[in-house]
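Engineer: Take the given structure of chain X and dock chains R and L to it, following the hints.
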Amino acid sequence: MSQSVDDRSIPYRPPGRGRRTFALLAGAPIIPLLIIGLFVLAAIFANFLTPYSPTQPNLTLRLLPPFWVEGGQLAHPLGTDLLGRDMLTRIMYGARVSLTVAVAVILVAKTIGVVVGITAGYFGGWVDAALMRLADATLAFPGILFAIVLVVALGAGLWNVVLAISLLDWAGTSRVIRGEVLSLKNRDFVAQAKVAGCSPLRIMAVHLFPNIINTLIVLSTLQVGSVILAEASLSFLGAGVPAPAPAWGQMVSGGKAYLTTAWWLAFFPGMAIVLVVLAFNMLGDWLRDVLDPKMRQV
Amino acid sequence: MTRPILEVKDLRAHLMLRRGAVKAVDGVSFDLHPGETLGIVGESGSGKTMMGLSLLRLLPRPAGRIVGGSVIFDGEDLLAKSEREMRAYRGSRISMLLQDPMTSLNPVFRIGNQVAEPLTIHQKLAGRGLRDKVRELLRLVRIPAPEARMSDYPHQMSGGMRQRVVGAIGLACQPQVLIADEPTTALDVTIQSQYLRLLKEIQQETGVAIIFITHDLGVVARMCDRVAVMYAGRIVEIAPVRDLFNNPQHPYTVALLRSLPKLEERAEKLYAIGGQPPSLMNLPKGCAFTARCGLANARCREAYPPQVDIAQGHMARCWRTEEKAHV
Amino acid sequence: MHRFIIRRVFQALIALFLLSIAIFFTSRLTGSPCDVMLPPEAREADFALCEQSLKLDSPIWMQYLAWLGGVLQGDFGRAFVTGQPVMDLIAERLPNSAKLGVVSVIFTTLIMIPIGILGAVIKGTRFDVVLRTVTAVGQALPTFWLGILLMWFFAVHLRWLPVSGMGSWQNYVLPVGAMAWTTIAAQSRMLRSSMLEVMDSEFVKLARVKGASESSVIFKHAFRNALIPVTTMVGMHFGNIITGAMIAEVVFAWPGIGRLLYEGISTRDFPLVQACVLVVSAITITFNLLVDILYAYIDPRIRYD
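In order, the protein sequences belong to chains X, R and L.
With our numbering, the residue at position 246 of the first sequence is 390, and numbering never jumps.
With our numbering, the residue at position 239 of the second sequence is 251, and numbering never jumps.
With our numbering, the residue at position 114 of the third sequence is 198, and numbering never jumps.
Please note that a few of the clues may not be correct.
[As the list claims (entries may be wrong)] Keeping only pairs whose Cα atoms sit at most 30 Å apart, straight-line, the calculated DSSO-like set for lysine-lysine is:
| id | chain 1 | residue 1 | chain 2 | residue 2 |
| --- | --- | --- | --- | --- |
| 1 | R | LYS93 | R | LYS136 |
| 2 | R | LYS145 | R | LYS21 |
| 3 | L | LYS289 | R | LYS145 |
| 4 | R | LYS21 | L | LYS289 |
| 5 | R | LYS336 | R | LYS274 |
| 6 | L | LYS289 | R | LYS136 |
| 7 | L | LYS183 | L | LYS207 |
| 8 | R | LYS93 | L | LYS183 |
| 9 | R | LYS21 | R | LYS336 |
| 10 | R | LYS145 | L | LYS304 |
| 11 | L | LYS304 | L | LYS207 |
| 12 | R | LYS212 | R | LYS274 |
| 13 | R | LYS212 | R | LYS297 |
| 14 | R | LYS136 | R | LYS21 |
| 15 | L | LYS304 | R | LYS136 |
| 16 | L | LYS207 | L | LYS289 |
| 17 | R | LYS93 | L | LYS289 |
| 18 | R | LYS212 | R | LYS136 |
| 19 | R | LYS297 | R | LYS21 |
| 20 | R | LYS297 | R | LYS336 |
| 21 | R | LYS212 | L | LYS183 |
| 22 | R | LYS93 | L | LYS207 |
| 23 | X | LYS400 | L | LYS183 |
[Claimed, not checked] From the structure, some residues in chain L lie toward chain X, with a derived Cβ separation under 10 Å:
| id | residue |
| --- | --- |
| 24 | VAL120 |
| 25 | ALA220 |
| 26 | GLY319 |
Hints were generated in silico from the structure; no laboratory data involved.
Where a beta carbon is used, it is the ideal one built from N, C-alpha and C, also for glycine.
Only chain X is shown next, with the shape it has when bound in the complex (with noise of 0.2 Å):
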């Protein structure tokens, strides 16, 4: 079949939308953007911005309190770990962890939630019923246990972490794409699209996807804060990430013990998780206004 005439078919705009969305970009929110500015600089360039390391253990300064208490020094802001690990220092480090698991688990999940997604709502009929059993099935028991077990099983390690969360994560995002796909398949420009000749493969890909982009950032973005607190959590339970990497959940639970001597070792971690959870949230919220008002919080 000639391919010429679909070379021209415009895929669907919505239009005004590029003014639109200057418009209240103006208006984006700022405080969490520099939050996760300031963490993501962190991640990346943490070896360059800290003299300390991570993992070494300097025995001559454990313990040490935040600069602010008695007995704490500047050189340490945030104080020092059982094993006088700098505080700030193993917080960067632990951002590096958490915002890498994040990334890679969006990458993961999403792209099979969208495939299953845009596949269910396009085809429909049996392929979407099965489809959606296989994800109602998922759904239907907490994946965090599912990694605890191929944690226990594998052994610990990045990798495992990464997808056991993304099994967690992929069902709600391909119901959420099946249903914007099922009400753009109506549309003309895709009948429009099959009358000149497109596969099924080439209209998910060119026509259908890039109308579900914007619902896909805004999944994107508020999905970040659930993968972090089920990494945090992952690795307080001593299921995550492994040792000597730093981890925030980690860092909890090694701290816990130490609850009335040394406070710091438990609670920056924990706040650090509280900052950028929060910060992704708002700024998933925000997005969402912009981008896709109509999938209101549901």
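Structural biologist: Using the frame of chain X, we list chains R and L on its own:
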């Protein structure tokens, strides 16, 4: 001439938005007599729905606000009532039919329950008496097998049936005034016809006065005794229905009638009124129809035209009509 | 309605079946299942015994059936550290988790509903901003961190409540508080936005037209409709709730199945972990089924699906 059951004088209602105040209803006055049907005609955005809601003081909160005028119902000014007193009127002495039967019934409650509610609130009926009355109401709106229907949920019924249920709810406490806000717009054409006939019959049986809000002149011709034409939040012409169709005075009314396709005439293009209605936030100083009116002159732009009485019960607000009347 | 229930039960059974297959395969991911099923200090003879009992020389589906048979009879193997049959340990700890869980669910629901409704009713006021900020922060708090902070403040610093363990009603306060916080924050936000959407709908307008009082409009007409999307989400979020429960048990040393699982992780005790996960997952699936049935009760449109 009997005393009007409803006298609306210079009603003004605004919607306070962040960008400014939308003058949805901008000085509306009319009378409604017992047993008559008054049609309110206008384009979308002319303020007719807002006007209907204002009569019941149910403007969307928190933006909507009635800012002036009076609504005298059976001798009492509704605008002076407290919210609590108003609630006693709503659904019992003045009632309303909403437009979309698919969304106006609560999806989680049974039909019988929903029809019974105004009876429970206003007439304190209960038990067997309540059930009997509900059944009677469903029969009134010609719903077959009312006993079985009472336990149905809205999604089990068709649009036409649902709208009849809405009618039953509206008429439950035998109101004196029924505000029908485009009750047939969302229905199929054949169902529309049945529904309108039903309303007419019920009106003859119960003597209720109806305010019929619509954009469809055909329905007006069929249902109404008198008609008011609304434009940009104001009434620009009121007349008995015959007079309006035979002798329209306001240019807007004329244009509306012209845009109705007629069977006898052959036309290349259907007539449409050029331009757009003005923004209700930025109403012009003079007559609001000036920009689209073929007869507009300088005075039209300057000042809002006064009421011109053309004949018994026939009024229009237009400078050009005023000139004609003095000739 | 009955057809609906039967269908959902059937779906739940399929989910359980898929779950069992998934768990079955995890023990075979790195080779022989006996590698993970036996403690590190196991001897040759133990291996031989294990391989025999798991029927490792027969085809895979027979192995599955053998395993499934064992599971359904309650044979999950033995724990590494104590050598006790895992089933005994679970039977001992499960009721404790159930107690904590039930209290937590009741508490969450009782608090979540008023906050959600309140949030919708006071929209636009200053209190609304405060409430929304508090719930937004609440959703970002990791349960384990919150638990630790609560423990430090109320148990260590103020000495009002016990630090850990199970005992009198006072022991329930902190774990339930920690667990419930995130869930309350998330669900009340959902309820609030759902209420706002419903309050704008035509049937609410009709309720006002009928002359219904404002409280009737809110609690009778709007609330039940607003619950519908929230109930669907509860099922989806149940995984988070379970995790939260588990973490609370660990932080507060509550002798429940969550803590048992944690102990299994620390000792890499596969039989224990496998059993705990199976049991908890089965409970989750059952709970989801119940939520679905509740959902059908609230929303009559679903019953005739």
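Engineer: Is the straight-line distance between the alpha-carbon of LYS212 (chain R) and that of LYS274 (chain R) 30 Å or less?
Structural biologist: holds, 25 Å
Engineer: With a cut-off of 30 Å on the C-alpha distance, tell me whether LYS297 (chain R) and LYS336 (chain R) pass.
Structural biologist: Holds, because 23 Å separates the two Cα atoms, which is no more than 30 Å.
Engineer: Need the status of pair LYS289 (chain L), LYS145 (chain R): alpha-carbon distance at most 30 Å?
Structural biologist: Roughly 24 Å separates the two Cα atoms, so the pair holds.
Engineer: Does the structure keep LYS212 (chain R) and LYS297 (chain R) at a Cα separation of 30 Å or less?
Structural biologist: Distance ~41 Å between LYS212 (chain R) and LYS297 (chain R) Cα, so the pair is violated.
Engineer: Under the criterion that the straight-line Cα-Cα distance not exceed 30 Å, is the pair LYS93 (chain R), LYS136 (chain R) satisfied?
Structural biologist: Within the cut-off at roughly 22 Å; holds.
Engineer: Decide if the proposed pair is consistent with the structure: LYS207 (chain L) and LYS289 (chain L), CA atoms, cutoff 30 Å inclusive.
Structural biologist: OK: LYS207 (chain L) and LYS289 (chain L) at ~18 Å, within 30 Å.
Engineer: Taking only the CA atoms, is the gap from LYS304 (chain L) to LYS207 (chain L) under or equal to 30 Å?
Structural biologist: holds, 19 Å
Engineer: Between LYS145 (chain R) and LYS304 (chain L), does the CA-CA distance stay at or below 30 Å?
Structural biologist: holds, 22 Å
Engineer: Holds or violated: LYS136 (chain R) with LYS21 (chain R), Cα cutoff 30 Å?
Structural biologist: violated, 34 Å
Engineer: Holds or violated: LYS289 (chain L) with LYS136 (chain R), Cα cutoff 30 Å?
Structural biologist: holds, 22 Å
Engineer: For LYS297 (chain R) and LYS21 (chain R), compute the direct alpha-carbon distance and say whether it is at most 30 Å.
Structural biologist: holds, 21 Å
Engineer: Straight-line Cα separation of LYS21 (chain R) and LYS336 (chain R) no greater than 30 Å?
Structural biologist: Since the Cα atoms of LYS21 (chain R) and LYS336 (chain R) sit roughly 26 Å apart, the hinted pair holds (cutoff 30 Å).
This entry does not satisfy hints 2, 7, 8, 13, 14, 21, going by the numbered hints stated previously.
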